[in-house]
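K.L.:
Each chain, letter by letter, is given below.
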Amino acid sequence: VVVLDAAHGGDDPGARIKGPAGHGPEGQSQAEKTFTLALSVRLRSLLTARGIQVVTTRESDTTVDLNRRAEVANHANARACLSLHAAESGSGIHLFVSSVAPAEPERFAAWKTAQATSVTRSLALAGMLNSALLHAGLAVTLGRTALPAVDSMTCPAVAVEMAPERGPDKKMVTAGLGNADYQARVAGALAAALLEWQSEARQP
Amino acid sequence: VIPRYQTVVFSVLLVVSIVMGVVLWQLRERAHQRLLAGEESTPTQAPEVAPAENATLLVANDSDGSLLAQVQSLPLPQDPGARARVVLGKLLDLYAAPDANHPVPGGAASIAQVFLLPVPDQNAASNSSTFAAGRPTLGNSKTGLGHPRPGEPDLATTEPREPSPQPPGSQLAVVNLTGAFAANHPSGLETETLTVLSICGTLRANLPSVTQVRFLVDGQQRATLAGHADLTRIYLTADAAPQQ
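One line per chain: the protein sequences are A and B, in this order. Residues 27 to 230 (our numbering) are what the first sequence spells out, left to right. Residues 327 to 570 (our numbering) are what the second sequence spells out, left to right.
To be clear, the hints were calculated from the coordinates, so they are not data collected in a lab. Only a predicted model underlies this, so the values are computations on that prediction, with no experimental measurement involved. Virtual Cβ for every residue (Gly too), placed ideally from N, Cα, C. Please note that a few of the clues may not be correct.
[As the list claims (entries may be wrong)] Here are the computed lysine-lysine pairs in the DSS-like style, where the Cα-Cα straight-line distance is at most 30 Å:
1) B:416 / A:138
2) B:416 / A:197
3) A:197 / A:44
4) B:416 / A:196
5) A:196 / A:44
[Stated by the list, open to error] Pairwise CB distance ranges, derived in the manner of DEER restraints:
6) B:510 / A:87: 40 to 48 Å
7) B:544 / A:137: 24 to 32 Å
8) B:350 / A:91: 51 to 59 Å
9) B:423 / A:55: 22 to 30 Å
10) A:77 / B:544: 47 to 55 Å
11) B:376 / A:199: 55 to 63 Å
12) B:505 / A:55: 45 to 53 Å
13) B:505 / A:38: 12 to 20 Å
14) A:77 / B:380: 14 to 22 Å
15) A:210 / B:509: 31 to 39 Å
16) B:510 / A:210: 53 to 61 Å
17) A:38 / B:544: 16 to 24 Å
18) A:54 / B:361: 30 to 38 Å
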């Protein structure tokens, strides 16, 4: 099972992403929640087509509490969880793993640091995503952060933030977030990495 | 001929007007005295001009997710709290500049206060609510989030680590940001993480005794900076230090 968490939604629009990065004309802006849902839907289709069971935290523009997102992921007993985000700043794909310190599994884990037992596997998953994205010719930035929903997930979890693709000068946007080809490349690379992750997890 | 009742009414109104005028004049005098008394109680000592010293700022760059150390010459006060505020103010001034690589509006005025407190409990430092600010071990030679080189995703090699005990004399910096800064901060995982990380790293570079950082906004705890980075945690500055 793979859990896809399209961040924000409903009353929580997330970041405002201005054109031309967004779908709309220059000067207008779109909400982050729109892009995260679009990426989630695209990725779900690719994974389902490859025989991977997918659980999503939202399928439409609805408000989902951060704790509820982690609950969905934890109840799914997933092999991988991706929290999908979008931003106007930076370039390419930003991969973030929880900055909680790794810990041995315990009978009862603190909710806010439940990721501690899986963070080492989350780092491995981020490495696999990184390789697939680089292979697809995408710029990748890796980091650690404290993100409430991800910190409470017990599965290997990575936050994926999609930023516009920029040229060598890191300023000129070559593919905005609304670019269908760019979205397809990102979703394809993520799907390939998750497929490889699943196959490695099945190996004894 | 003016009727008698009109004369009486006019006289009464005249007396009332005069009385009101006197009362208002007295109230004005009292307010003036209070103002003068307040001025007398304010410090009259002129602020000392601190000598310029070198301060190391960890400046974020959105384009590659890095933090680069930048040395600036600043007049730094001796008081550690005031020193921290000046250094962080300069950092945020750089972010407010028009050509900033990590644009965040607000500038130095966004740092309302910085309090330095002794770390309350050594055990509390290693409890589950303490988070690394962001491990700089993931990227390349630069500090921060960094770009991995193809073939070098040594992400999985991170060993489980026990949070190190805090050395004696460790301090917790409470950084109180203004609501306007948080409201105007660009929303995004990377940009918010870089802001938090650069503040923690800058504090560590200039005040080595500061090992933990906690953030407040307008004196209150806030869930996230701008929708992503968790501000309810205590951040460890050791994890925001530049890589050697």
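K.L.:
Next, verify each hint and record whether it holds.
P.N.:
Results for each hint:
Taking the CA atoms of residue 416 of chain B and residue 138 of chain A, the gap is near 33 Å; set against the 30 Å cutoff, the hint is violated. The suggested pairing of residue 416 of chain B with residue 197 of chain A holds, with an alpha-carbon distance near 25 Å, which does not exceed 30 Å. Straight-line distance between C-alpha atoms of residue 197 of chain A and residue 44 of chain A comes to about 15 Å, which keeps the hinted pair within the 30 Å bound. Proximity of residue 416 of chain B to residue 196 of chain A is assessed by CA-CA distance (about 25 Å); at most 30 Å being required, the pair is judged to hold.
Restraint check for residue 196 of chain A and residue 44 of chain A: satisfied, since their Cα atoms lie roughly 17 Å apart, inside the 30 Å limit. The hinted range of 40 to 48 Å is not satisfied by residue 510 of chain B and residue 87 of chain A, whose Cβ atoms lie roughly 25 Å apart. At about 27 Å, the CB distance of residue 544 of chain B to residue 137 of chain A agrees with the hint of 24 to 32 Å. Checked against the given bound of 51 to 59 Å, the beta carbons of residue 350 of chain B and residue 91 of chain A, roughly 57 Å apart, stay inside it.
For the hinted restraint 22 to 30 Å between residue 423 of chain B and residue 55 of chain A, the CB-CB distance of approximately 23 Å keeps it satisfied. Distance hint check for residue 77 of chain A and residue 544 of chain B: the Cβ-Cβ separation is about 51 Å, which falls inside the suggested range of 47 to 55 Å. Here the CB-CB span from residue 376 of chain B to residue 199 of chain A is close to 44 Å, at odds with the stated 55 to 63 Å. As the Cβ distance of residue 505 of chain B to residue 55 of chain A is approximately 22 Å, the hint placing it in 45 to 53 Å is violated.
Separation of residue 505 of chain B from residue 38 of chain A is about 19 Å and conforms to the stated range, judged on CB atoms against 12 to 20 Å. Distance hint check: the CB atoms of residue 77 of chain A and residue 380 of chain B are about 60 Å apart, inconsistent with the given range 14 to 22 Å. Here the CB-CB span from residue 210 of chain A to residue 509 of chain B is close to 35 Å, well matched to the stated 31 to 39 Å. Distance hint check for residue 510 of chain B and residue 210 of chain A: the Cβ-Cβ separation is about 34 Å, which falls outside the suggested range of 53 to 61 Å.
Range check, residue 38 of chain A to residue 544 of chain B: Cβ separation about 21 Å, and the 16 to 24 Å hint holds. At about 51 Å, the CB distance of residue 54 of chain A to residue 361 of chain B disagrees with the hint of 30 to 38 Å.
The structure fails to meet hints 1, 6, 11, 12, 14, 16 and 18 from the earlier list, while all remaining hints are met.
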